[in-house]
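Novice: Make a model of the complete structure from these sequences and hints.
Keeping their order, the protein sequence lines are chains C and W. Just so you know, we're using the working numbering here: the first sequence kicks off at 1 and counts up by one. Just so you know, we're using the working numbering here: the second sequence kicks off at 1 and counts up by one.
Hints may be right or wrong, so weigh each one.
Unchecked claim - Derived coverage of chain W by chain C (criterion: at least 3 residues anywhere in the stretch with Cβ under 8 Å from a Cβ of chain C; other residues may be distant): (1) 81-88; (2) 193-207; (3) 302-314.
Claimed, not checked - Residues of chain C placed beyond 12 Å of chain W at every Cβ, according to the derived structure: (4) Val88; (5) Ser133; (6) His134; (7) Ala267; (8) Thr274; (9) Ala283; (10) Trp292; (11) Ala318; (12) Leu380; (13) Leu382; (14) Asp393.
It should be emphasised that the hints constitute simulated quantities derived from the structure, not laboratory data. Glycine included, C-beta positions come from ideal geometry on N, C-alpha and C.
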Amino acid sequence: MTPLAGLRVADFTVHAAGPFCTHMLSQLGAEVIKVETALRPDIFRKSHAVYGRKGPATFDQVSSNKLSVRLNLKHPEGVALAKRLVAVSDVAAESFRAGVMERLGLSYDDLRAARPDIVMVSVSSSGQTGPESHFAGYAPLFGAWGGLGHLSGHADGPPVEMRHVMDHSVGMNAALATMAALLQRRRTGRGCHVDVAAREVASSLVGDALVAASAGITVERMGNGDLRRAPHGLYPTRDPDRWLAIAVANDAQWCALAKLMEQADLASDPRYATETARHANSATLDPLIANWSRQSTGEQLVASLQSAGIPAHLSWAASDIVSDPHLRARGAILDVTETGGATRAAVGRVARFSGDDTPGITRGTPTLGGAEAYVYGELLGLSDADISALVADRAIY
Amino acid sequence: MTAPKPLAGIRVVERATSVAAAQAGRLMCLMGAEVIMAEPPGGSPLRQEPPLLPGGDSALFTFLATGKRSVTCDLDQPDDRAAFDTLLASADLLIDDTALADRAGAGLDQARISQTHPHIVHLSVLPFGAYGPKADWLGEELTLVHAGGEGFLLPNGLSADLFPDRPPLKIAGHFAQMQGGVAAAFAGLSALWAGGGQYVDASVQDANVAVGAFAIQRFGDGSVEHRLTRSFRFGGVIECSDGYVELLTLEERQWQGLVKLLEADDWAADPELADAVGRSARGDEINRRIRDWALHRKVADLVAAAQELGVPMARYNDAAQVLSGAQETARGIFRDVAASGGTVKVQSLPFRFDPDALPVDCPAPAPGADQSLLEEPQRRASA
Numbered sequence: 001m002t003p004l005a006g007l008r009v010a011d012f013t014v015h016a017a018g019p020f021c022t023h024m025l026s027q028l029g030a031e032v033i034k035v036e037t038a039l040r041p042d043i044f045r046k047s048h049a050v051y052g053r054k055g056p057a058t059f060d061q062v063s064s065n066k067l068s069v070r071l072n073l074k075h076p077e078g079v080a081l082a083k084r085l086v087a088v089s090d091v092a093a094e095s096f097r098a099g100v101m102e103r104l105g106l107s108y109d110d111l112r113a114a115r116p117d118i119v120m121v122s123v124s125s126s127g128q129t130g131p132e133s134h135f136a137g138y139a140p141l142f143g144a145w146g147g148l149g150h151l152s153g154h155a156d157g158p159p160v161e162m163r164h165v166m167d168h169s170v171g172m173n174a175a176l177a178t179m180a181a182l183l184q185r186r187r188t189g190r191g192c193h194v195d196v197a198a199r200e201v202a203s204s205l206v207g208d209a210l211v212a213a214s215a216g217i218t219v220e221r222m223g224n225g226d227l228r229r230a231p232h233g234l235y236p237t238r239d240p241d242r243w244l245a246i247a248v249a250n251d252a253q254w255c256a257l258a259k260l261m262e263q264a265d266l267a268s269d270p271r272y273a274t275e276t277a278r279h280a281n282s283a284t285l286d287p288l289i290a291n292w293s294r295q296s297t298g299e300q301l302v303a304s305l306q307s308a309g310i311p312a313h314l315s316w317a318a319s320d321i322v323s324d325p326h327l328r329a330r331g332a333i334l335d336v337t338e339t340g341g342a343t344r345a346a347v348g349r350v351a352r353f354s355g356d357d358t359p360g361i362t363r364g365t366p367t368l369g370g371a372e373a374y375v376y377g378e379l380l381g382l383s384d385a386d387i388s389a390l391v392a393d394r395a396i397y
Numbered sequence: 001m002t003a004p005k006p007l008a009g010i011r012v013v014e015r016a017t018s019v020a021a022a023q024a025g026r027l028m029c030l031m032g033a034e035v036i037m038a039e040p041p042g043g044s045p046l047r048q049e050p051p052l053l054p055g056g057d058s059a060l061f062t063f064l065a066t067g068k069r070s071v072t073c074d075l076d077q078p079d080d081r082a083a084f085d086t087l088l089a090s091a092d093l094l095i096d097d098t099a100l101a102d103r104a105g106a107g108l109d110q111a112r113i114s115q116t117h118p119h120i121v122h123l124s125v126l127p128f129g130a131y132g133p134k135a136d137w138l139g140e141e142l143t144l145v146h147a148g149g150e151g152f153l154l155p156n157g158l159s160a161d162l163f164p165d166r167p168p169l170k171i172a173g174h175f176a177q178m179q180g181g182v183a184a185a186f187a188g189l190s191a192l193w194a195g196g197g198q199y200v201d202a203s204v205q206d207a208n209v210a211v212g213a214f215a216i217q218r219f220g221d222g223s224v225e226h227r228l229t230r231s232f233r234f235g236g237v238i239e240c241s242d243g244y245v246e247l248l249t250l251e252e253r254q255w256q257g258l259v260k261l262l263e264a265d266d267w268a269a270d271p272e273l274a275d276a277v278g279r280s281a282r283g284d285e286i287n288r289r290i291r292d293w294a295l296h297r298k299v300a301d302l303v304a305a306a307q308e309l310g311v312p313m314a315r316y317n318d319a320a321q322v323l324s325g326a327q328e329t330a331r332g333i334f335r336d337v338a339a340s341g342g343t344v345k346v347q348s349l350p351f352r353f354d355p356d357a358l359p360v361d362c363p364a365p366a367p368g369a370d371q372s373l374l375e376e377p378q379r380r381a382s383a
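Specialist: This is the structure we're talking about:
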């Protein structure tokens, strides 16, 4: 049985971070009912011209497995129906700007009235409270606010903007918090309102740097550098734009690398013999590694480095990831067949469970409102006539 | 009296030498689980990772171990192994990142743990997981961020424009390992929810592939993303006279706000810029003007004016600005924690279960500070 079998999520989330949270829950077996409306489709179900393309962006991945219902939350009957859905759910997740759910009549208190032990999960840019809780934000802004963007980048260059990995990090944190809240509910019988702040996720990812800064230690951008490890960087291979990441973490690995390079004398060279010396002399060491690495293909280099006990990996593009036998063996990459028969590669579960090896995704992208007969009919007990009347009145729209 | 935390009553034993495994334990600890680090004699190597605080403690270890308990044990010694087993018998979850090849020798292999402690959720956290042809591969932060796909795509935007010939770039700190830790903790709690003991195999690479799902989806759509071409057509990192801001307009009303912000009446009147596709096509031109305009303005003035007009813009905060931020201060996310050399600020979790942030109030323990737990592993009265 899937780990989260029997859990039901009323999913009001939009964009990337919130939907990724409920996507994580659905991959482990929760039944996720995505609430949408034709009035204002999820921006990621629509075309996304900011990327210079007309098709949808991440919608397929994060909406896989989910069940879609149309619901107009600006209609009083739509709000009433939303509460009925929450009443039969364990979790209600949303990612509107702080205050929007309250204005819709779907605050935590409203939802608790529908289901006293509901776990409500709110994902927002800056949290539900505080002077900047109303700020609009997307992934690059979360990274900017939280310090992650400032600390990423070349030492002689500008900050670096975070992209979807930032959104999805927020979603992963939200999924974790949801499970903790559910375990608490099981123990105490109480639900709660989980408040996930995206900018706090960004700062938590550099939490150690913030600890150091609070003690007066200067922390700044350092490119691909490390405070201790050397050699540590991206090196060229024989093929263009095929980069090799090497991170030597101790003297034994360094000796193994020098041997592999057939320059064993480097290991005893006083400029490189100790970690401190290698770090101080990385400006002369890195070209030696690059001169060696550019003689071979990346695949040959990684195989020989890993065999010699040295942490190394190629800088992988999506094309490498989707075809990797290891990731496919683990179910971390799988193929999804859409309703129309087209197959695409998708991301599967983030972990394997001895008690259950169900694939993380068993259904493709839902059509808008495709699960209304099940949700409104079977779950909520509405008759066909009731549903037709709500559709005619545009409460279901 | 402080309300019980969500994971009160759950006991976790953690054997961690990696950031990922220690992060999984940290998350559970701050949510109220009793997390006992079972360290090798001399302590976890994470205690030595720089930067070091003025008193010699590792800032990284301080962040990861705040609130945890510590015992030291040498699993090669029969007496220590027996005491460790007794401790495990009292626990709900074991986090372990011992390399696969070393597990059987330490009595930490899947078969032995499931046989000796059938009740326990055994959470393995490894760079490439415990199953599959690369299960024995070594991973460090730099190699893992590239194994997950995001490394290849960085930097983008301004940094890529300035340094197009440089190799790809990692994200600051321990981003990849932190993802591994969050995903592992999520999987571990999901297994606790399912009930009964089982083996959970978490992989830092899997977690990073997951958060990089966008690139996988785009590949399925027929395009391979690249750092030099995936920049936003306009906006992104913008240099001001005293720092940098991030600007991103996705919605129509936000574009209109941007036009007002720049007083760009010609853009408002230009039919080619009436929709997002037209604006994308002329992104370079738009961005040149935004960059020229912003270069002579101050960050604070720009952000205030932008937010007033509903234009999403944020200052690139440095560490000190994050620590003293108005929003962060109002939400009380940084707490004073004792460390060698003085008090430091440690962030609470980025989510909360009631109006207050979860407290962070105990220092990281010295190695073996709770050694008595090995002799008498009674549970803590409350979490």
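Novice: Any Cβ of chain W at or closer than 12 Å to C:Asp393, or is the non-interface label fine?
Specialist: holds (28 Å)
Novice: Quick check for students: does the CB of C:Ala283 sit more than 12 Å from each CB in chain W?
Specialist: Per Cβ check, C:Ala283 is outside 12 Å of chain W; nearest 15 Å; holds.
Novice: In terms of Cβ atoms, is chain W entirely out of 12 Å range of C:Leu382?
Specialist: holds (31 Å)
Novice: So is C:Ala267 really clear of chain W, every C-beta pair being over 12 Å apart?
Specialist: holds (19 Å)
Novice: Is the Cβ of C:His134 more than 12 Å away from each Cβ in chain W?
Specialist: At roughly 9 Å from the nearest Cβ of chain W, C:His134 sits no farther out than 12 Å, so the non-interface label is violated.
Novice: A cut-off of 12 Å on Cβ-Cβ distance, and C:Ser133 was said to be off the interface with chain W. Does that hold?
Specialist: violated (8 Å)
Novice: Would you say the stretch 302-314 of chain W counts as covered by chain C, given the rule of at least 3 residues with C-beta under 8 Å?
Specialist: holds (count 5)
Novice: Confirm or reject the statement that C:Trp292 sits farther than 12 Å, beta carbon to beta carbon, from all of chain W.
Specialist: holds (16 Å)
Novice: Would you check whether the claim that C:Val88 is not at the interface survives, using Cβ distances to chain W and the 12 Å cut-off?
Specialist: Its Cβ never comes within 12 Å of chain W, the nearest being 19 Å, so this holds.
Novice: Just checking, C:Thr274 versus chain W, shortest CB gap more than 12 Å?
Specialist: holds (15 Å)
Novice: The stretch 193-207 of chain W covered by chain C? Criterion: 3 or more residues, Cβ-Cβ distance below 8 Å.
Specialist: With 12 residues closer than 8 Å to chain C, the stretch 193-207 of chain W meets the three-residue bar; holds.
Novice: Within the stretch 81-88 of chain W, is the number of residues with a Cβ closer than 8 Å to a Cβ of chain C three or more?
Specialist: violated (count 0)
Violated hints for the displayed structure, listed by number in ascending order: 1, 5, 6, 11.
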